[in-house]
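Could you put together the complete structure from these sequences and hints?
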Amino acid sequence: MAEASRWHQGGTLKHEPHFRKEVEIRTTLQELLLYFIFLINLCILTFGMVNPHMYYLNKVMSSLFLDTSVPGDERTNFKSIRSITDFWKFMEGPLLEGLYWDSWYNNQKLYNLKNSSRIYYENILLGVPRVRQLKVRNNTCTVYSSFQSLMSECYAKYTSENEDMADFGLKLNTGWKYSTPSIDAPWHWGFVGVYRNGGYIFTLSKSKSETQSKFVNLRLNSWITRATRVIFIDFSLYNANVNLFCIIRLVAEFPASGGILTSWQFYSVKLLRYVSYYDYFIASCEITFCIFLIVFTTQEAKKIKEFKSAYFKSIWNWLELLLLVLCFVAIFFNLYCNIQIFLLLGQLLKNTEKYSDFYFLAYWNIYYNNIIAITIFFAWIKNMFLAIINNTYSEVKADYSLGRRPDFELGKMIKKSYNNALKKLKLKKPQTDENSKDMKSGDLAERARREGFDQNEIQSAEQMKKWKEGLEKKYYSTGTQDDHQPVTQQEFRNLFLYAVELEKELHYISLKLNRVMRKVSGLPY
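The numbers in this note's numbering rise by one with no breaks, and the one at position 283 of the sequence shown is 322.
Be aware that one or more of the hints could be misleading.
Stated by the list, open to error - With a straight-line Cα cutoff of 30 angstroms, these simulated BS3-like cross-link-like pairs (lysine-lysine) come out:
#	residue 1	residue 2
1	K421	K344
2	K352	K341
3	K389	K253
No lab work stands behind these hints: they were computed from the structure.
Written out as structure tokens, the structure reads:
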């Protein structure tokens, strides 16, 4: 990506100082402009996938399935479920009524249903909903000997090792028989466990009355037992008005401590991505993003080849590599999502009597959005670095190229004037010959310790002195013939740190001068 500074300038021709300064500033602006275009393109990709209707669709669906109370019991809704009785009330009440919309508000039958429910008259229920539970085996924990006479059964928390896979209850269909999990299905991270796919599954019916009969049958035959650890309710909707899929998952966890913990996921995603003209504009931005990525990757490969191991000593180069990796991961997720949508969407929509597992597609789509968000975060950090460091580097480098001592001597001048003022006001004793400027470095260090400076400040000052002497030897030596000398990466770092230290020093001296002036103004004439 755009370099923070041009560490190496090729060529041996001599240039006028002011001309070099203009060239460097022009190059810096070109790099910033290129990177700014990349950022704008990345922002369009990130925010172009966000639709305000996503929020409203999530809000209206969560209100329907989470906040609707059980008839005759205003305190019981999905959020407030705490017992198995409350759970079955929700299943046979708000869930059943929320899934099946087959008539208008005036009780007239909906037209053109084509054997599908229209939630809020606008959202098509895709396939049929699915209810799935996971259980644990008995004796997966140890009961203390004194209590074995009172409790012979013990069900531990859910783990894949403790999971029960044996048939139970009526043993008639998949609701009572274990279904093996799919290999590529994502696991679910809940409050008290991490749950895999599979388990004891039953699907609802297209008919509201048949679904109600299923609920009653499962409740009367104790489908939920002490071994139950989690129940998932999954279904998907499609709104053609805004071209959005809403994938919904309601989760009820049954911890080993007792009670029920509820959670939910509402994912409104745009799986059919290229429909309108605006969608094709986003597609062109995706192509531009890939071109930028190729260019930046080539630049970084050249830098690694040129600087070799020294390249990896800079944290900003590691940031460059992190951005490239994130960009490649984002492209991979995008391609994977589009391929899976192309392969699975038709199959999911073909059979309306089965559960359509759009959760898998929404899961990877959300991951893609997260990767893009992280990428743009680090990209803006890099942009701020470019704007600040390039400005600082251009000023410092221009001062050295012009052959004058860059304002670093100002600190000495201020110190000298400050010391003279203290002497005249008799606030400081004159220096003796032993403390003159030709003192040895060991004596200076010892004096600094006596005056209250700590060891870190002394070492920092000595390091700054070495940096300055090295830079002055290189750039101000009378034997230097070529006034155009490249600044290495380490030298630039030293210059930058030196400038920061000087700024602190000037601020400290300014405070001291202000105190002195206040004392002077208070003296009698």
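Here is how each hint holds up against the structure:
A distance of roughly 22 angstroms separates the Cα atoms of K421 and K344; the hinted pair therefore holds under the 30 angstroms criterion. For the proposed pair K352 and K341, the alpha carbon gap of about 16 angstroms is at most 30 angstroms, so the pair holds. At roughly 24 angstroms between alpha-carbon atoms, K389 and K253 fall within 30 angstroms of each other, so this suggested pair holds.
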